[in-house]
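Enquirer: Listed below are the residues making up each chain.
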Amino acid sequence: MAESTRKNQPLLQVKNLRIEFPTRRGTLVAVDDISFDIDEGEVLGVVGESGAGKSLTGSSIIGLLEPPGRVAEGSIELEGRRIDNLPYEKMRRIRGNQIGMVFQDPLTSLNPLYTVGFQLIETIRTHEDISERQARKRALELLGEVGIPAPERRIDQYPHQFSGGMRQRVVIALALCANPRLVIADEPTTALDVSIQAQIIKLLKRMCSEHGAAVMLVTHDMGVIAETADRVAVMYAGRIVEIGPVAEVVRNARHPYTEGLMGSIPHIGHDVERLTQIEGTMPRLTEIPSGCAFHPRCPKVFERCDKERPDLMPAGKSWAACWLYDEAERDRLRALEEAGEAPWKQRAGAAGGA
Amino acid sequence: MHIEYGKDTGVHMGRVAAGDAAGDGPLLRAQDLAKIFDVSPPFLNRVLQREEKSFLKAVDGVSFDIPTGKTFSLVGESGCGKSTVARLIVGLYKPTRGSIEFEGRDMASITRRGENSALRRRMQMIFQDPYASLNPRWRVGDIVAEPIKAFGLARSGSAINDRVGELLMQVRLSPKDAAKYPHEFSGGQRQRISIARALASEPEFLVCDEPTSALDVSVQAQILNLMKDLQRELGLTYLFISHDLAVVYHISDYIGVMYLGRLVEWNEARRLFRNPRHPYTRMLLDAIPDLEMTGRERTPVAGEVPNPITPPSACHFHPRCPFADERCKRETPMPIRLSDGGTVRCHGVEEDRLPAPSETIRKA
Numbered sequence: 001m002a003e004s005t006r007k008n009q010p011l012l013q014v015k016n017l018r019i020e021f022p023t024r025r026g027t028l029v030a031v032d033d034i035s036f037d038i039d040e041g042e043v044l045g046v047v048g049e050s051g052a053g054k055s056l057t058g059s060s061i062i063g064l065l066e067p068p069g070r071v072a073e074g075s076i077e078l079e080g081r082r083i084d085n086l087p088y089e090k091m092r093r094i095r096g097n098q099i100g101m102v103f104q105d106p107l108t109s110l111n112p113l114y115t116v117g118f119q120l121i122e123t124i125r126t127h128e129d130i131s132e133r134q135a136r137k138r139a140l141e142l143l144g145e146v147g148i149p150a151p152e153r154r155i156d157q158y159p160h161q162f163s164g165g166m167r168q169r170v171v172i173a174l175a176l177c178a179n180p181r182l183v184i185a186d187e188p189t190t191a192l193d194v195s196i197q198a199q200i201i202k203l204l205k206r207m208c209s210e211h212g213a214a215v216m217l218v219t220h221d222m223g224v225i226a227e228t229a230d231r232v233a234v235m236y237a238g239r240i241v242e243i244g245p246v247a248e249v250v251r252n253a254r255h256p257y258t259e260g261l262m263g264s265i266p267h268i269g270h271d272v273e274r275l276t277q278i279e280g281t282m283p284r285l286t287e288i289p290s291g292c293a294f295h296p297r298c299p300k301v302f303e304r305c306d307k308e309r310p311d312l313m314p315a316g317k318s319w320a321a322c323w324l325y326d327e328a329e330r331d332r333l334r335a336l337e338e339a340g341e342a343p344w345k346q347r348a349g350a351a352g353g354a
Numbered sequence: 355m356h357i358e359y360g361k362d363t364g365v366h367m368g369r370v371a372a373g374d375a376a377g378d379g380p381l382l383r384a385q386d387l388a389k390i391f392d393v394s395p396p397f398l399n400r401v402l403q404r405e406e407k408s409f410l411k412a413v414d415g416v417s418f419d420i421p422t423g424k425t426f427s428l429v430g431e432s433g434c435g436k437s438t439v440a441r442l443i444v445g446l447y448k449p450t451r452g453s454i455e456f457e458g459r460d461m462a463s464i465t466r467r468g469e470n471s472a473l474r475r476r477m478q479m480i481f482q483d484p485y486a487s488l489n490p491r492w493r494v495g496d497i498v499a500e501p502i503k504a505f506g507l508a509r510s511g512s513a514i515n516d517r518v519g520e521l522l523m524q525v526r527l528s529p530k531d532a533a534k535y536p537h538e539f540s541g542g543q544r545q546r547i548s549i550a551r552a553l554a555s556e557p558e559f560l561v562c563d564e565p566t567s568a569l570d571v572s573v574q575a576q577i578l579n580l581m582k583d584l585q586r587e588l589g590l591t592y593l594f595i596s597h598d599l600a601v602v603y604h605i606s607d608y609i610g611v612m613y614l615g616r617l618v619e620w621n622e623a624r625r626l627f628r629n630p631r632h633p634y635t636r637m638l639l640d641a642i643p644d645l646e647m648t649g650r651e652r653t654p655v656a657g658e659v660p661n662p663i664t665p666p667s668a669c670h671f672h673p674r675c676p677f678a679d680e681r682c683k684r685e686t687p688m689p690i691r692l693s694d695g696g697t698v699r700c701h702g703v704e705e706d707r708l709p710a711p712s713e714t715i716r717k718a
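Chains as they are written, first to last, in this note's numbering: chain W, 1 to 354; chain D, 355 to 718.
Derived by calculation from the structure, the hints in this document are not laboratory data. You may find that some hints are simply not true.
As the list claims (entries may be wrong) - The following label-pair restraints were derived from C-beta to C-beta distances:
id, chain 1, residue 1, chain 2, residue 2, range
1, W, 269, D, 490, 34 to 44 Å
2, D, 538, W, 340, 37 to 47 Å
3, D, 511, W, 337, 32 to 42 Å
4, D, 588, W, 115, 49 to 59 Å
Stated by the list, open to error - Calculated from the model, a selection of chain W residues having no Cβ within reach of chain D, i.e. all distances over 10 Å:
id, residue
5, 21
6, 35
7, 49
8, 179
9, 226
10, 331
All residues carry an ideal CB built from backbone N, CA and C; glycine is no exception.
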């Protein structure tokens, strides 16, 4: 135990995680060899477009991968203890107790047949050996903490009597009721109206820092990440293509995909006739390109990209999985670019002419 | 003129100032448009449970102009009535009150079938969900050809095929895609197919109801770019419905902000963002996550959109408004004209008692 509380050990360590879906037509690799850490109290944002594998990464950590999906390789460690190979009952104990979860749609994560209070009290008593009355008191406190007006009255109501924003508040209370060390929030604001989104993000951040929980925030909304996260991991086709401090990734995107993604977000106050456009579409899992999966869409592709797959390498203050940041290539490419002969020039010219 | 019930006289909410619009009149003018749905329980329940009839004012006196070749956007949260306005305009609903004029002609006055269909050909709609709006059993070619056949724009099979190929090229797809089925395409490509279908009848006016809300950001950028290109190439006029203010900023010339069935503020797009007047507009702008990471402290406004069946009295926004006073609870604010050409419905603005919008949201 002394080991696990050592300061420099991350709370969560994901190493070389690979998630596969065996199908009749062969094995699909949805998440391919990704590694990252989350420190205590840290907010890690995970962004990417649909199909990038970000939600699957979240569900594998909490042990809720839908079969036939399975963790094929790698390990997940919480406070130095492996949790990816635990039997069902043991994992069930960790879920909620040490890892909390907030899903996208609060209507499906609450049971419509039970009152909000019943669900809170049941969850609290599953994880803590306290009386019903004490649990009810805790539930009331929690509801108050997440900003539900008149909790004494609301606690005996059913989920359908709550509005979307209020429901998501209840879900946050549920996720935090056993004081977990880590909360996985999967698109917590996507189903909500804009004015409510800001409230919920603020609440999630405040509650987690008050309860000392780290957060893995999975979302497709870069704005939410920019406001909430300390670090951000950008995923593309089952891989982390860039990871780094949030300010660095937002302002100085290193990977061409991140760069394109940032440019494609419309900005208030930026008058541009056209948004940056990433040509093509995200590859299907059955047709992931060789080498760097982004190479067919990349504006800076060169010879090496379709042959070898890049791993994360240092790029400024972040890490990017891109050959542009390979030491040998970097110098060679810089020289070529200065001479006006960058290898991607040709391709850009050809595409422009077509 | 067409204003009835003595409502919303005075200032036409979204009238484009004379110098602003190119050409003469606007392409489309909505005047005091209203749609009230009867959401009463069945008769027997009403009698037995002594319940009153209840009505939902989805749209309540909305007026605006859309000049030819421009984009007018309606923004607001779910339940504010923006999609109902879209459906009223393309004729999917009949307005309870008010009028819609297309090129100065009142749509309600057109009763002859042929004339009606000639007018309908000129306005088309793009829907939010490209998975639900394309028939999965039809080939893409048939989907895109349907308006051509329905309006008799081409007769022979080969002429129709040529036209379909041309339309698919126009939305940056391949003519060969005509033989495929919708499930073979990604969300963004399906939305391109919807656009090709909408363009098939050679319309001048497109109503786009959240066309990019179901798409990923990089795909959204592709669709928004395509829509802007098409507008330039074909001189289209857009009514754009969205809840995403950044998208709206990017695409619009004029913007109307709706709250619970009413247009609460209208202005030229850049001016609206630079100087938002209505407290609700300010709140929406303040709620956008900050990508620039200026570290500004946002103050999320408390509360949620109330139930539209029983909206708050007078100014519907007063329970959530930090500047509301007694008058706001008693008296419905009427549209007032602003010095920069915009219009707003707010007592606070009229009495000039609102503080200037915070620095942070004026960065636009």
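Enquirer: Would you mind marking each hint as holding or not holding in the structure?
Expert: The hints, checked one at a time:
1. At about 41 Å, the beta-carbon gap between residue 269 of chain W and residue 490 of chain D stays in the expected band of 34 to 44 Å.
2. At about 42 Å, the CB distance of residue 538 of chain D to residue 340 of chain W agrees with the hint of 37 to 47 Å.
3. Here the CB-CB span from residue 511 of chain D to residue 337 of chain W is close to 53 Å, at odds with the stated 32 to 42 Å.
4. Taking the beta carbon of each, residue 588 of chain D and residue 115 of chain W are about 56 Å apart, inside 49 to 59 Å as hinted.
5. Every Cβ of chain D is farther than 10 Å from the Cβ of residue 21 of chain W; the closest lies at roughly 19 Å, confirming the non-interface assignment.
6. Non-interface call for residue 35 of chain W relative to chain D: holds, since the shortest CB-CB distance, roughly 25 Å, exceeds 10 Å.
7. Remark: the non-interface label on residue 49 of chain W conflicts with the geometry, its nearest Cβ contact in chain D lying 4 Å away (cut-off 10 Å).
8. No beta-carbon of chain D comes within 10 Å of the beta-carbon of residue 179 of chain W; the shortest separation is about 25 Å.
9. Here residue 226 of chain W does not stay apart from chain D, with its beta-carbon only about 5 Å from theirs, under the 10 Å limit.
10. Against the 10 Å criterion, residue 331 of chain W stays outside the reach of chain D, whose nearest CB is about 31 Å from its own CB.
Checked against the numbered hints given earlier, the structure breaks hints 3, 7 and 9 and satisfies all the rest.
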